[in-house]
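Peer 1: Residue-level listing of the chains:
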Amino acid sequence: SVKESLSCRIQQYSTLSFLTKPFCLCIFILQTMPFKHKNTRRIEGLDSNVWVEFTKVAADPSIVNLGQGLPDISPPSYVKEELAKAAAVDRLNQYTRGFGHPLLVKALSQIYERVCGRKIDPLTDILVTVGGYGSLFSTVQALIEEGDEVIIIEPFFDCYEPMVKMAGAKPVFIPLRNKNDGNSASSADWVLDPTELANKFNSKTKAIILNTPHNPIGKVFTREELQVIADLCIKHDTLCISDEVYEWLVYKGNKHIKIATLPGMWERTITIGSAGKTYSVTGWKLGWSIGPQHLIKHLQVVQQNTLYTCPTPLQEALAQAFWIDYKRMDDPDCYFYSLSRELEGKRDRMAQLLREVGLKPVIPDGGYFMIVDVSTLNVDLSNAEENQPYDYKFVKWMITSKKLSAIPLSTFCGPETKVQFEKYIRFCFIKKDSTLDAAEVILKNWNKQIA
Amino acid sequence: AKMSRPVQARRLEGVDKNIWVEFVKLATTYATVNLGQGFPDFPPPDFLREAFVRAVGGEDHMLHQYTRAFGHPPLVKILAQLFGKLLGQELDPLANVMVTVGAYQALYCCFQALVDEGDEVIIIEPFFDCYEPMVKMAGGTPVFVPLRPKAPKAGQLMSSADWQLDPAELASKFGKRTKAVVLNSPNNPLGKVFGRGELELIAELCVKHDALCISDEVYEWLVYDGKEHVRIASLPGMWDRTVSIGSAGKTFSVTGWKVGWTVGPPRLLQHLRTVHQNSVYHCATAAQEAVAQGFCRELERLGQADSYFVRLARELQGKRDRLVQSLDAAGMKPIVPEGTYFLVADISAFASDVPDVPGSNEPYDSRFAKWMVKNKGLAAIPLSAFYSGPHKNDYSRFIRFCFAKEEATLKAANDILQKWKREKAGP
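Residue numbers (the UniProt record's numbering), protein chains in the order written: chain L, 1 to 451; chain B, 1 to 427.
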């Protein structure tokens, strides 16, 4: 506090010699003035962050953590080995190319050329960033500004809103709605209303942010659904920021489709990917933005004025891992497919455990999250804190009394839709068997404890 | 409506040019000896590499997953311990320290968190080139004040200490709009290590005008000839208004790891955290774990002969002296740096090789450096890269060399320089 620091200063400079120095006297006087430096306007109101609160709580090892989206399974051993190998090469511990390590952008261009069926230039069409998060940031800073509107589909990965605001733009929300009213069995039941969506577009709309497979619901947008969005983007000359970090995690009967491959979309879309989600290495914080040169070049300008370059050994190791899997993209053992199969089993197990408690989980078609309506449990939360949404109160209660953590869904909504989603909480199931076993014990005993 | 205006945001106006993109490409294409971009060509210390290999291959595979967003706990803990000691402050690892993606991202967070449209930021020339575009991108106005060279004593080589601020000129740059001053000591590119008196001058003005200080101290361990690196945050009145920036890349010779940090009071760091959590959010885990272990080892040996910081500074001082000798013998006039691993030399004696082009937009030293890498295979960076637009021709006969290089590299540079000198002398 100002008072504290003032008394410290007085104590420090209480000698006569101090008082004979004019500038020290100046400090003495000025310490009594209030500190005028506050935060810049661009970050006003953006200081709170749900993860800071919930990761602290879940750090307690006695809690079974199905909250934050991070795997507790091991990354594949060859991925870890490549990183150790990279650190052994002297020059790989020094700066590499700012927009992306050459070997890595080459690997990315080959993989995505194959997936997209079009030529992708590694030097002009790709930017390597600090995670999918860093890609979102570079894209928004490069292309969004004051006066722009950006459409965000609710529920949304929570950083979209503050990033759009930090760029000075206005977020415009549109919710996914449960088309089956009360009864939602699948993430596919959650859809956009085409008329409602069309009404959100206007001459100020700079971009729409798409997330498929979707966090938190797990929805995999179909070609038809993507076409509706694409038609609007083209009609209104709008950009599309397509967050596809979970692109490989799609379950049987579903196909991940890249909106950038639809006619008229390549030239207006930035597609974002993540090493963390692809290889179960969230702590590597490497991601990429892929798109046409006339857009990527602006993201590259942001890069050279923000962090300049991403870590070298991580990029080298990722490139080597990609070569291994690129060569077996026709083989079911390719990690992109084997991880998905492994997670489908965990998804089904998670769903079963929730049903045992009498809950009806929304089965995701993709991603590694599952949402469920917990209001049906009728847990008494009257003792809980004041003004918090229902799901916040429920999760805090569940952490304390059941030693199980999840994330409240209202975290992922704009102010108007919180009421619609506050019955839901989100579980992460990219967890090793022993974690799911521990969750099983809690869920199987759930009703016993209440009784 | 959108067709009529550019797709990119206005904040990118005027910040799209970057000298490194061009000069790194030239070096890759033409250089046989690269003394250009600032990175070591010798390996990092074994203890650090081993720490990294342990982190990535060890039992705890959770080191491949997200860690705490504002800094991996073991790292912020040891940074708080070390810098608490160095700054004479009791530091809370959670409130006083934030880890960033290199010092570069630390600088970015500072400007975004603290510089608004209309704010002025004082930058001392010559400066690490990113300060200017970062201030502009934050909507601020850079205000430049030059270090001015004094003639060295007769018969002596110029030292980076001979480049000084004029106190009256510096004072005249501070005004009502001054939000911050950027200090870089030891200074890139000159290698100047600001003395206590010089820092007190800056501090006095900061306090008088209630300005902040962004103190880029990435080369803090690389000071020579027994000179002291004084931390401005430890001066009276400065702790509350200073963010100090450091870099594992420069400290441990691992520029490719991109681990940096900010140290400062909570009321400034809280705003850096807001920017950080809305831009990159987390930094990579394994390298932070390894750097933490590296610091643990160094904290035990602080100031002792087997400290890596001490050994590195000693080795680099030797390399500095050898490069100074080579340049002097060849006829280039080196400015002996008191710190960092850069030195700047006056190439006037070689100017006849690269004739002046009257009316050219490109500063002379830039054309010289390009000619040199293409024709002599020796890469260096023109000093004009470190000056603002209107001042790029003020000191146009200087180029910057990086001497954090293996002996073989420095020898090869010497061979090029001596051969060049012989060619000029004629048959």
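FYI, nobody ran anything at the bench for these hints, they're computed from the structure. Take these hints with a grain of salt, some might be off.
[Stated by the list, open to error] Simulated pairs of lysine to aspartate or glutamate, EDC-like, Cα-Cα distance not exceeding 20 Å:
1) L:38 x B:321
2) B:208 x B:119
3) L:393 x L:145
4) B:77 x B:92
5) L:432 x B:59
6) L:85 x L:121
7) B:227 x B:129
8) L:204 x L:231
9) L:38 x B:423
10) L:85 x B:210
11) L:38 x B:117
12) L:204 x L:145
13) L:38 x B:119
14) L:165 x B:117
As the structure is a prediction and not an experimental result, all values here were calculated from the model.
Peer 1: Sort out which numbered hints this structure fails and list those numbers smallest first.
Peer 2: 1, 3, 6, 7, 9, 10
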